[in-house]
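Residue numbers (my numbering), protein chains in the order written: chain A, 58 to 400; chain B, 173 to 522; chain C, 22 to 545; chain D, 11 to 319; chain E, 171 to 490.
Certain hints may be false.
Calculated lysine-lysine pairs in the DSBU-like style (CA-CA distance at most 35 Å, straight line) [as the list claims (entries may be wrong)]:
#1 D:Lys132 x B:Lys254
#2 E:Lys456 x A:Lys305
#3 E:Lys178 x A:Lys305
#4 D:Lys224 x B:Lys205
#5 A:Lys309 x E:Lys242
#6 B:Lys283 x E:Lys194
#7 D:Lys13 x B:Lys321
#8 B:Lys235 x D:Lys60
#9 D:Lys273 x C:Lys250
#10 B:Lys321 x D:Lys132
#11 B:Lys294 x D:Lys60
#12 B:Lys283 x B:Lys242
#13 B:Lys175 x D:Lys224
#14 E:Lys194 x D:Lys17
#15 B:Lys375 x B:Lys283
#16 D:Lys224 x C:Lys199
#17 A:Lys288 x E:Lys297
#18 C:Lys216 x D:Lys60
Derived from the structure by calculation, the hints contain no laboratory data.
Please read these numbers as outputs of a predicted model, since none were measured by experiment.
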Amino acid sequence: MADAKNQSATAMASLPKDAFEPAQVDKSEKERIAAPALTFTQDAMRRLRQNKAAIISFWILVVIAVLAFGSFFWSPADPNHQNLTYSYLPPKWGNLNIPGLNGWNNGVDVYKANGIKDGVYFLIGTDGFGRDMLSRLLAGTRVSLIIAIIATFFDLSIGVVYGIISGWRGGRTDIVMQRVIEIISSVPNLVVVILMLLVFKPGLTSIILAIALSGWVTMARLVRAQTLQLKDQEYVLAARTLGESSVKIALKHLVPNLSSTIIIQTMFTIPSAIFFEAFLSYIGIGIPSPQASLGTLLSDAQQNLQTQPYMLVFPAIVIVLLMLAFNLLGDGLRDAFDPRSSH
Amino acid sequence: MEKILEVNHLTIDFNTFASPVHAIRDVSFHLNKGETLAIVGESGSGKSVTMRTVMGLLATNAKIEAGEVKLEGKDILKKSEKELNAMRGNDVAMIFQDPMTSLDPTMTIGKQVAEPLRLHTKISQKAALKEAVRVLELVGIHDAARRLKDYPHQFSGGQRQRIVIAIAIINHPKVLIADEPTTALDVTIQAQIIHLLQEIQHKIDTAIIFITHDLGVVAGIADRVAVMYAGKIIESGDVDEVFYNPQHPYTWGLLEAMPTLETKRDRLYAIPGTPPDLLDPPKGDAFAPRNRYAMKIDTEQEPPFFQVSKTHFAATWLLAPGAPTVELPPEIVRRRKIWAQKHPSQEAAK
Amino acid sequence: GGNSSKATTKSASDSTWTTMVGDVISTMDPSMSTDIISGQALSNTTEGLLRYSGADLQPALATSVPEATNNGLTYTYHLRKSTWSNGTAVTAKDFVYSWQRTVDPATKSQYAYLFSGIKNADAIMAGKAKASTLGVKAEGDDTLVVTLERAMPYFNTMLASPTFAPQSQAFVEKAGSKYGHSSKYILSNGPYILKDWNGTSDSWTSVKNPKYWNAKNVHIKTLQTKVVKDSATALNLYNTGKLDDASLSGQQAAQAKSNKDYSALKQSAVFYLEMNEKKDSFFKNTKIRQAISMILNRQQYISKVLNDGSIPATGVTPEGLAGDPDDTTKDFANEAAESTKQYTTYNKKEAEKLFAEGLKETGNSSISVSLLSDDTSAAKSTSQYLQSALQTLDGLKVSITTVPFKTRLTRSQNGQFDMVVSGWSADFPDPITFLDLFTSGNAYNDGKWSNAQYDKLIQESKTTYATDATKRWATLLKAQEILTSEAGVIPVYQQVASHLVNSKIKDLKFGPNGFYNYVGASIK
Amino acid sequence: MIKYILKRIAYLILTLFLVASITFFLMKLLPGTPFNNPKLTHDQIALLNKQYGLDKPLWVQFFQYIVGIAHGDFGQSYQYVGEPVSTLIATRVGPSLQLGAQAMVVGTILGILLGAIAAIRKNTWVDSVATIFAILGRSIPSFVFAALLQFFVAYKWGLFPVALWENGFSSSVLPTIALAMAPLANTARFMRTEMVDVLNSDYIELARSKGDAKWQAVAWHALRNSMIPIVTIIGPMAVDLMSGSMVVENIFAIPGIGEQFVKSITTNDYPVIMGLTIMYCFMLTVVILIVDILYGFIDPRIRLTGEAN
Amino acid sequence: MSEDTREKLVEVRDLVQTFNAGKKDEVRAIQDISFDIYRGETLGLVGESGSGKTTTGRSIIRLYDPTSGTVKFEGEDIAKLKNGSKAMHQFRRQMQMIFQDPYASLNPRMKVKDIIAEGLDIHHLVKTEKERDDRVAALLEEVGLNPDHATRYPHEFSGGQRQRIGIARALAVEPEFIIADEPISALDVSIQAQVVNLMKDIQDKNGLTYLFIAHDLSMVKYISDRIAVMHNGRLVELASSDEVYTHPLHPYTQSLLSAIPEPDPDTERRRVLVPYDASQAEGDDKARSMTEVFPGHFIYAATDEVAGYQHAAQAAHAND
Ligand SMILES: Nc1ncnc2c1ncn2[C@@H]1O[C@H](COP(=O)(O)OP(=O)(O)OP(=O)(O)O)[C@@H](O)[C@H]1O
Ligand SMILES: Nc1ncnc2c1ncn2[C@@H]1O[C@H](COP(=O)(O)OP(=O)(O)OP(=O)(O)O)[C@@H](O)[C@H]1O
Ligand SMILES: [Mg+2]
Ligand SMILES: [Mg+2]
């Protein structure tokens with residue numbers, strides 16, 4: 058502070074004449090809000106956009122989903138069309154001579170060896186039935202995504218409603234509902250799924266149903282815990298003192314504030330469902346053939362790992378991408394919805 | 173008096189996703205040996221950031237744009253991490269605001285209190301624990317020897333804050349920084365803790381920086397006071413100078429807004445508006461939009477420090493030569509009267 | 022008598038042969054064993070009257086392979102002196118006890134039906150007679166007389182199967198319910214003794230049985246068996262020398278074909294497509310069935326998809342099962358195929374024509390059926406191929422229903438299917454084991470195909486020509502020709518097991534009953 | 011404490027009872043009896059049904075089944091005729107438990123380290139690498155991962171046995187790694203989130219202001235506190251391990267119960283499915299109970315009251 | 171005492187609130203308290219943290235069902251109001267609450283307009299969208315906020331502004347009685363006065379009755395007509411606010427007053443803390459109840475202590 062005087066002296070020198078006139082302070086300036094008007098979600102999205110990994114993940118998911126669901130309308134070939142003369146062809150990209158993508162496998166030019174016509178090539182190869190792997194991969198991804206999404210939808214609807222009721226009602230209702238959850242979750246969900254699949258007819262519907270039936274517990278737990286916190290929030294108390302009904306409170310106050318928890322949990326449920334289907338396929342009770350799913354593609358490929366490694370590579374890349382993307386996006390969303398994390 | 177700590181022209185920005193936050197804007201102050209400096213200011217005015225700088229514990233996104241922080245003449249901003257570790261908890265110690273969260277919930281308090289000793293001296297665990305008992309008794313934890321093995325949750329809020337204080341003083345630091353140490357506590361416990369700090373200061377002769385937003389607490393504990401607003405110190409002086417002869421309109425506003433037990437009027441004076449957003453501080457004096465005495469220059473140029481007395485400075489254009497004399501609020505008039513009684517020789521400034 | 026095992030395993034570690042199987046031993050009770058894995062283990066530890074060495078049926082405990090007497094109704098076996106591994110003598114009574122035990126319904130043996138044809142066996146199984154009335158008698162300790170109800174010219178071939186091995190009554194009764202459930206409760210009289218097997222073990226060791234009558238011809242001291250389910254794992258184990266014999270899956274087999282260790286073991290097992298004529302009347306139409314058979318490109322399917330060395334089936338009887346009694350170089354399956362080849366050969370044009378005609382005849386414009394399949398990997402790929410191939414026929418829609426293996430069996434049995442791929446492996450090396458299945462009323466005739474002439478031919482082979490090998494052969498050939506040309510069932514492929522077998526082994530023979538015979542085999 | 015444990019055990023029994031009942035009736039819903047094999051005569055089938063008690067009314071079967079379970083008797087396998095399910099489980103549970111325990115220990119310890127490093131180096135490349143690594147661990151199906159490990163590490167590089175359960179510990183290394191990936195990834199994720207929170211907490215700041223270097227603050231204060239919530243995910247991770255073990259045991263030819271479970275499913279061996287289901291439940295509930303008890307020891311703030319949370 | 175002249179709006183009788191009753195973690199948050207609130211007055215409720223202030227407020231507004239005792243509002247027992255009944259609906263309009271935490275008391279996912287209008291919608295106080303908007307604008311104006319801010323979200327406002335939004339929400343249904351649970355403790359010093367002034371203005375304008383809960387005694391004294399002091403779930407002293415400050419009788423009140431910091435260094439230098447020993451004035455087993463020891467001045471005392479308090483009160487007043 059020693060030089061405070063000097064400072065004031067220099068500052069004084071250049072004072073304008075009207076400096077000491079009373080200022081006209083704009084009244085609205087006093088209550089000014091500096092930040093731009095953003096909704097909570099917009100704010101979260103803005104934070105999300107800062108997270109490069111999450112954004113890249115998001116776009117990867119979009120691309121994969123568009124391709125997978127787009128293949129419903131257009132696909133390089135019928136994913137179930139067999140042509141045994143094309144059996145087990147490795148990937149070949151036209152005449153590009155990139156190792157791994159030039160039609161060679163285990164030191165043999167497979168296309169040549171099988172006398173495949175020039176101009177016939179498969180971008181990611183074919184399986185034993187001569188089916189185009191790319192088409193199967195697209196269709197398989199689609200099936201896996203459908204399983205994941207529908208299963209998640211059920212999971213959400215059961216889990217969220219259960220969680221809200223349990224948390225909101227509290228007391229005895231909560232205790233009973235929690236016991237039920239406790240009992241359900243002490244049965245490994247794998248076992249539940251398998252029992253379901255044994256009892257119902259195997260197939261897409263059963264798998265979805267089975268995953269949905271066993272998967273909601275985590276969601277219910279999270280939602281309940283969150284609801285317990287929310288219900289003591291003062292804004293919920295305020296709604297109660299205004300005479301708002303429970304249903305309306307749930308809809309207007311709980312669900313919107315649970316949404317981030319729900320979204321994030323979903324981001325983790327989806328890959329689990331995909332994974333679970335893959336596992337079921339491996340132990341032989343997954344999607345029935347000839348339909349493809351990521352699980353069936355991978356488990357078929359695992360059998361041929363040493364002879365047709367390319368069959369594993371591409372589905373593995375897709376499942377890893379999906380997993381990474383969902384997980385990173387989930388992480389990103391979690392951070393974005395958490396106001397504590399500023400960046 | 174010997175200056176133990178000197179902060180000069182400290183300027184700190186934080187990088188955030190939006191734009192840099194200018195959290196500290198050219199802050200200078202000093203601390204004398206054995207005295208208590210109170211820093212007052214409302215939430216977000218930069219009190220904690222300043223103190224973290226002194227501790228060398230700034231967040232990773234902080235950027236020190238300018239300034240120096242001298243502890244016993246040495247600039248700590250130039251110290252290596254190792255030197256800083258040796259300094260923290262030994263030369264400078266800190267007490268935090270919330271006693272409920274500033275203790276490690278999974279470690280016995282004995283260990284936590286003894287930790288600074290173990291870190292900075294070559295003392296055995298046993299001896300350290302013995303010393304911990306002594307310090308805990310000093311801060312008023314009864315039966316400390318028996319409670320060494322207890323965990324934080326087994327203590328009340330007031331007791332926990334005492335434990336935090338024990339941790340801070342166990343190495344007899346030269347500077348003790350208390351960052352809102354009583355905000356989370358009840359008035360009764362707050363009074364006890366303040367009393368305790370004063371006692372300790374006498375016993376170990378440490379200099380204290382006491383941060384708070386409560387002027388009442390300041391009046392009780394401080395030798396000198398610095399008032400912060402929007403990342404700047406806007407007034408500083410001896411406690412009597414600031415309370416009985418305040419110069420900055422913001423200080424006036426604060427003093428006026430607090431009803432004392434004696435005052436009873438129809439309306440309290442309320443400083444209008446809200447503190448500025450440091451993302452985008454207004455041009456000129458940051459306080460101008462809320463200042464009922466704002467002059468044109470306030471909206472254009474930041475006021476420099478004007479010296480009122482040897483120890484008393486304020487950054488307001490009202491002190492500029494040629495500035496108009498304003499009609500003071502009654503509460504300030506009352507305070508100036510007391511000032512005049514105390515210093516009959518000296519005419520209260522303006 | 023396991024004392025010697027220590028010495029043998031130690032002294033000759035090179036004399037250990039390590040092989041793998043896909044599953045554990047289900048039981049070591051000869052009366053209960055039905056699967057190939059326990060069958061192999063039993064064939065190592067038990068010695069019956071006869072034993073296959075390759076395609077040769079050789080005397081084992083019997084001193085010779087007897088001809089039937091009494092119009093083919095009586096077989097008399099003379100036993101050589103031999104002992105159980107606990108030192109007691111093996112006598113004709115042990116055979117009598119064993120067979121009676123198996124046939125006795127109380128034992129609940131699934132293979133009891135193999136004894137059908139021995140006097141009173143059916144009655145016993147039906148609970149109408151006592152087990153002791155079974156047509157098998159011990160005359161002294163070393164003569165066994167078997168009386169049949171009808172001539173069974175293939176009777177001797179069955180005796181090499183472990184189901185017909187002797188069992189010691191004293192031992193079985195002492196072991197009680199634990200009999201055959203762990204090494205401790207097994208009594209051996211064969212070349213090996215099973216060690217460290219607890220009923221569910223994933224690996225087991227068979228060590229040479231010094232008390233085996235033919236021990237001097239047992240050169241491999243120790244047989245080790247590991248359960249390895251994943252074929253990639255098996256190959257890796259073989260390549261690292263952890264296995265001497267590994268079975269290969271399709272693509273592995275395709276790649277291994279040039280390997281000097283490669284060995285293809287023709288199994289007496291055929292996979293065929295059954296069509297449910299009872300449920301879907303359009304399958305009663307021969308042209309539709311023929312069309313389905315002819316649209317299958319078996320050769321291509323096998324070489325491209327299955328790739329495990331399996332061969333196209335030309336009929337339900339597998340190749341290499343039985344040789345012409347007059348000219349053993351002639352194989353039943355090949356002989357039968359000569360005249361019916363066109364029905365099991367891909368012929369798209371003809372198939373399409375036949376199918377169109379068939380549709381017209383049955384008054385359908387299109388049919389849509391579901392193909393029942395199970396979740397084993399071969400079944401999965403077969404059904405996928407079939408679906409795709411069949412759908413190339415205009416007007417045929419095929420969907421696949423996949424169920425667990427056991428459920429598939431149940432559903433086939435109950436007629437809950439339109440089409441199903443079934444497999445059958447020989448109970449004994451004679452065509453009748455396959456041809457019998459498709460007679461009207463046979464429990465295994467899931468598709469309910471029925472042909473009076475066929476039924477008559479099969480009946481004749483069992484009665485009129487039972488003792489006339491040549492005539493019988495011709496009759497059976499005729500039957501198979503009918504079955505194939507009518508496409509009563511549609512044969513798809515005959516299973517061949519591709520193995521990698523360490524070439525250090527010599528004289529290891531694989532019999533038509535599906536078992537290796539380690540007696541006589543040796544390691545270089 | 012004792013009261014709490016007793017209460018939990020009561021719940022455990024109730025849970026097992028419910029699970030046993032549900033499985034029992036579910037299994038009864040399945041079509042067909044296991045013995046409609048045409049090779050069997052009616053008498054034989056009747057006798058088999060009698061052996062398995064299938065001739066009795068449903069409720070009697072149920073009662074006998076429950077009573078049997080109470081005595082450790084889970085009936086007999088259909089697949090291995092006459093083999094008691096309990097023996098089947100008992101002889102195979104060892105390797106599975108060993109693998110599970112090893113994977114759990116390895117996975118959580120490495121996961122904790124990985125997560126902690128990621129949190130400490132938050133928003134740096136170290137964090138990204140650790141995060142991606144952790145997610146990759148979850149992203150590759152265990153059957154693919156196990157097969158790759160076997161092919162490269164064991165077969166190509168010859169570092170560990172290819173498969174089989176006969177070389178003692180070294181046989182368990184690869185399966186353990188394959189199994190540990192999921193818990194590792196999970197723990198790492200949780201640890202990172204938790205650690206980031208803890209590192210922002212006041213007591214870490216206090217520790218630093220005492221003079222703790224960054225690593226000291228982490229080692230002495232942050233680690234333990236961040237590990238508390240990890241305890242809660244041990245239960246779910248144990249479940250993950252179960253499904254993982256089915257695959258891994260299959261691929262590495264390990265005689266465990268996971269592999270047995272898969273087999274009993276594909277062969278409709280209902281008594282074994284039921285037995286294993288109950289056993290899985292039992293193991294899981296015991297794990298959860300132990301975890302809850304541990305919780306009280308790890309976090310001094312938690313005292314076990316009658317309430318489980 | 172002049173109670174007959176004033177109308178009792180709220181009567182609290184023998185109120186007991188126990189949480190987790192019968193369990194290990196039982197908390198006896200309020201142990202038998204009784205007091206009245208008169209129409210038009212402001213009753214201040216002070217006491218240390220955890221003494222049961224919030225619980226008292228919430229029991230009065232029926233966020234909790236009391237363990238025992240009654241709360242009467244305008245002479246009617248509120249425990250008898252059935253959820254969903256007309257009377258309950260009416261009650262929810264007449265009594266409102268302002269909350270402590272300006273950050274937690276506004277739903278972050280709702281626009282300010284909808285937050286304020288929530289009560290209007292529930293009680294069907296507006297018919298058209300336009301009327302609703304106008305009403306919200308008027309309310310915002312009333313609490314000194316810019317009506318243009320109606321479409322913004324709560325997190326865009328500062329603490330003081332948010333607290334004013336909370337007040338607007340309470341005012342929207344035109345209540346007669348407002349419980350303010352530490353409405354200013356979370357606010358910056360420079361803002362606190364804004365809110366207190368606002369509350370006072372509204373009271374003057376609308377003739378509202380307040381229960382003002384706080385631990386900042388200087389503010390409480392400033393705004394309250396009477397003050398009730400709580401300690402350990404019990405009311406220990408109740409009197410007019412001047413009386414409490416000038417002649418505190420209960421040792422806890424005395425201790426509390428001695429601890430209030432004042433922005434005056436001279437006063438602070440003279441400060442002597444009065445320690446409080448609960449075991450003497452509450453902790454022993456004596457049966458105590460609120461007793462009027464001086465007109466309008468109630469003390470929680472046992473019969474044998476009453477005389478002492480009376481004496482002290484008279485002595486204090488004699489000195490005036
Ligand atoms: N790590 C950070 N990143 C970004 N901005 C920060 C960071 N730390 C502090 N700030 C900003 O710096 C300014 C000063 O903060 P500081 O914590 O010093 O305030 P304070 O005066 O201590 O307030 P309080 O009374 O609330 O503790 C605030 O605007 C705050 O938002
Ligand atoms: N829902 C609840 N369940 C259990 N205990 C509770 C509950 N609400 C309050 N308590 C307990 O009741 C006691 C009184 O709490 P209350 O919140 O009324 O105190 P207060 O005077 O408002 O304190 P503060 O000044 O901290 O707000 C406290 O010990 C508190 O922990
Ligand atoms: Mg601060
Ligand atoms: Mg409160």
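So, going through the hints one by one against the coordinates:
1. D:Lys132 x B:Lys254: holds, 22 Å
2. E:Lys456 x A:Lys305: violated, 49 Å
3. E:Lys178 x A:Lys305: holds, 34 Å
4. D:Lys224 x B:Lys205: The hint holds at about 30 Å.
5. A:Lys309 x E:Lys242: Holds, at roughly 31 Å.
6. B:Lys283 x E:Lys194: holds, 30 Å
7. D:Lys13 x B:Lys321: Holds - the C-alpha atoms of lysine 321 (chain B) and lysine 13 (chain D) are around 26 Å apart, at most 35 Å.
8. B:Lys235 x D:Lys60: Violated: lysine 235 (chain B) and lysine 60 (chain D) sit about 83 Å apart, past 35 Å.
9. D:Lys273 x C:Lys250: Holds. Lysine 273 (chain D) to lysine 250 (chain C) sits at ~10 Å (cutoff 35 Å).
10. B:Lys321 x D:Lys132: holds, 34 Å
11. B:Lys294 x D:Lys60: Distance ~80 Å between lysine 294 (chain B) and lysine 60 (chain D) Cα, so the pair is violated.
12. B:Lys283 x B:Lys242: Given that 35 Å is the threshold and the Cα spacing comes to 31 Å, the pair holds.
13. B:Lys175 x D:Lys224: It holds: about 30 Å lies between the C-alpha atoms, which stays within 35 Å.
14. E:Lys194 x D:Lys17: Between lysine 194 (chain E) and lysine 17 (chain D) the Cα gap is close to 15 Å, so the pair holds against 35 Å.
15. B:Lys375 x B:Lys283: With Cα atoms ~24 Å apart, lysine 375 (chain B) and lysine 283 (chain B) stay inside 35 Å; holds.
16. D:Lys224 x C:Lys199: This hinted pair is violated, its Cα atoms lying about 65 Å apart.
17. A:Lys288 x E:Lys297: This hinted pair holds, its Cα atoms lying about 30 Å apart.
18. C:Lys216 x D:Lys60: Given that 35 Å is the threshold and the Cα spacing comes to 33 Å, the pair holds.
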